[in-house]
Amino acid sequence: MKRKELLLRSSLWMQEAENSPVVMSSRIRLARNLENVPFPHSLSAERSEQVARIIAQVLDSVDVEGDRLTYLPLTELSPIELQVLIEKHLISADLANAKRERGVALTHDHRVAIMVNEEDHLRMQVLLPGDQLREAYRLADSLDDGIEERLDFAYREAQGYLTACPTNVGTGMRASVMVHLPALVMTNQVQHLLGTLTHLGLAVRGLYGEGSQALGHLFQVSNQITLGKSEEDIIAHLEAVTGQIVGMELQARENLLQQARLVLEDKVWRARGMLQNARLLSSADAMLYLSQDRLGTDLGILPKSGQTFAELLVDSNQGCLQYKLNRELDSQQRDEQRANQIRAAFAAANGR
Amino acid sequence: MLCQSCGEREANVHVSQSINGQTRELHLCEQCAKKAQGVNFVFHQGLSMPDFLQAILGFSPAVGGERAQEEACPGCGMTFSQISHAGKLGCAACYAKFERNLEPVLRRIHGGGSHEGKVPKRGGAALRNRLELKKLREKLRQLVQQEHFEEAARVRDEIRRLEQAVGGSQG
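Residue numbers (the numbering used here), protein chains in the order written: chain A, 18 to 369; chain B, 196 to 366.
So here's chain B without its partners, still in its complex pose (with noise of 0.2 Å):
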């Protein structure tokens, strides 16, 4: 048998491949396996990340028009033009400030959603609460998709009281 690659020589190497669960048998001569097997793929060449940045945070368009005069953050007097520039923030205040220009940046990299995760202990009871209410109440609306009523039922009772315990001011 000739060599896949170069047509030329006898196939002495044989290898084989499996690409998407189909396997692919390859024959080829040493002088070309010896090649493919040394030749280096290029791979996520890519933006680096702060150009990266740039050019997403750029593309977001100024927010309500304001044109003049851009306004700075209070936490640490960057405005979005700058934060745009730099690819990155200037404190914890720009995400309040700029929140709406941020929006959409958010999205474009990580699909959208909200904070999913962890939440600080301290001074965090309130708020773990309410995360705890919405996990639940997503829980209860699958369960109640996938008819099972018994499941939901605990749940519904589980957020009433969780419900109370925060102060029944959740809607």
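Chain A extracted, bound-state conformation (with noise of 0.2 Å):
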């Protein structure tokens, strides 16, 4: 089954990157649009599924630096399989709940994921594990040099890229860095500087759950402004940024080290407890013991385990544990696979 293969293999994101324990994952994104066709959310749904072939046709032959783009028209795929694309971060909700044509186009290890007839004609993303936020720029612009090649961009001298949301207008561009906060979660650091951020032309939101809270200690940074800045600029701001979040992390877990060593000890060894002995784990219970546990491991507390923190949390969430297993699954049941499947991995690292 070649999709589900697709769907399921581990992202390139999830990799752990070389010495980057606060940077999780780097992300592009370039907003595009065809010239002289309406926004998708003004198109007939005859003309949204016209737009869709041709674009479809075009990232068909485009060529990834050696790779090719699978495309997937979302009308094919079941609601858990839209399901698992948005816990990995390559499609949107308001992809998956759009009523309009759509699809993603995928390279094989996920890096690529292009969603056509989102907001936009094109999103095109590019996600890369660690902090390699130029890497991920570089590819990008270059996908997109190729897709220019064969087609014509809605673009105005004075505004730049034109889309359909005038946040987005200028470079079409958002740069994203997904960290790993937990020290300064833990000394209620994190509250402060994320409210400096937005002075700073930053956006700050916690990866999961709603607003209040910030499960798993993961937040994603990214630039606000598009227009009157270069990506260059946009790029070289959000790093620097991100060199200063990622200091005052390291500093708060060393600050933990040295004046509260054993209950941070306790703390993770807790956390790796509950990993390898719980029958039954939620969600939030999951997030919490994972994030301490990837803390354990940085601070070299911990031994690592077989499987990467980010792959752990992904292959955690419903709907890749529905996927995986191949049947729907209640509230109760979730939590015995969630809890069996993280043992396992640990198990598996212990060679148990």
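Just so you know, the hints here were simulated from the structure itself, not pulled from any lab data. Where a beta carbon is used, it is the ideal one built from N, C-alpha and C, also for glycine. Be aware that one or more of the hints could be misleading.
[As the list claims (entries may be wrong)] Non-contacting residues of chain B with respect to chain A, defined by C-beta distances greater than 12 Å in every case (computed): (1) Gly202; (2) Glu266; (3) Met273; (4) Gly282; (5) Leu284; (6) Glu298; (7) Ser309; (8) Arg325; (9) Gln337; (10) Val350; (11) Ala360.
[Stated by the list, open to error] Facing chain A, a subset of chain B residues (Cβ under 10 Å, in silico): (12) Thr274; (13) Ile304; (14) Arg351.
[As the list claims (entries may be wrong)] Here are the simulated lysine to any residue pairs, SDA-like style, with alpha carbons at most 20 Å apart: (15) B/Lys330 to A/Val81; (16) B/Lys316 to A/Val81; (17) B/Lys316 to A/Glu98; (18) B/Lys334 to A/Ser247; (19) B/Lys329 to A/Ser247; (20) B/Lys334 to A/Gly245; (21) B/Lys316 to A/Asp162; (22) B/Lys316 to A/Lys341; (23) B/Lys329 to A/Glu174; (24) A/Lys341 to A/Glu98; (25) B/Lys316 to B/Ala360.
Assembling the complex is the task here: the two chains are given apart, and the hints tell you how they should meet.
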């Protein structure tokens, strides 16, 4: 089953990046629209099919540094498959829920994911593990060049690339990093930090959970301004601020080690104990313990497990759980399967 | 020492916080420390994106006082009221049609300024040259201000060369 293989495989961004304990992944997303074609939300059903067909044809022949794209029309996917794509950060919930003809094109390792007929005709995403914004932009830029040879994009000199929403106009670029900040959360510094970032033209959101809860202690930091700055400037700014955030998190970890080592060791060992022994794990519990476990391995307190933090997190989401087992699960069955899967991952690592 | 949070129990957890470069020590009892670490804070509760846009777009007053018959975009037929309501433009032509209405909106979102980024390669040679000229003129202005006259002269020559290539129509 080819599609299942493509969807289930571990995405490149989930790999452990060398020397990047805080920045989990880097993402560049470019928004582009076809010239002389209304934006997706104002297309008739017929036109949106036409547009998706034209774009899919072009994407079929695009070369991504020796790799090919596989185009998936979303109308052919089951709700669980859509859920899996969302959980792996390959499509947005908006794309999954839209009624018009739409799709996503993926490379086999998921480092490129191009959404078709989301808010804009094309949303090209490059997602890489660790701190690699520049490499992600280089790839997105060359991908954009390749597609632009075949399609004319809506563009004006003063406003740059034209997008359905005025918040994306100009470069059409959203650059973001996903950061893991357990020590800043534990020491209650994260709120202050996040408040500061909004004054720097950056947007921050918790990755899991809406608004009030930052499950997994994961945050996504991205640029807000897309017009009036070059791609280079936007990336340099985000990189500089990310460097500061990393410094603060590492400092907070150091402080915890120096001043509360025993409490910290106890916390991460308890997390490991839960992951290795629990028979039922809710999604919130899993994220908390996996986050603390990752902190423990980063600090050298805990031995590494066989799978990466991101893999364990993503795979324990309900869409992935059900898709892997090929059946629907109720809430308690999900907690059981989640615990089983995580326990197995740690048991395998221990050679038991 | 007593816990700084409850003031009742003995403080046995010590946490140092660094805020704006100032390090502050916190001495807490186990219960309060646990509570503090378990607290999830609220940030960015804010408006959802469409609400947010409707709010900004809605704020911008109609230009020219057209009332009875609102003009529609020739590309998609949307009026500016409809755009404000949807929080999205209908098509690329809306940007030209409603340029004056959008100008304050874009300034509010992005802080003003025009596109400085990538230019499409196809059919964009003239445009790229114009943008390059704009960048060089800005650089020249800065160099003169900083009194780097040698470097400024080089940039000036470059500007002249580019102006000739563009066709001398640049003022």
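Can you give the numbers of the hints that this structure goes against, from lowest to highest? Hints 3, 4, 5, 6, 7, 8, 12, 14, 15, 17 and 22 not satisfied by this model.
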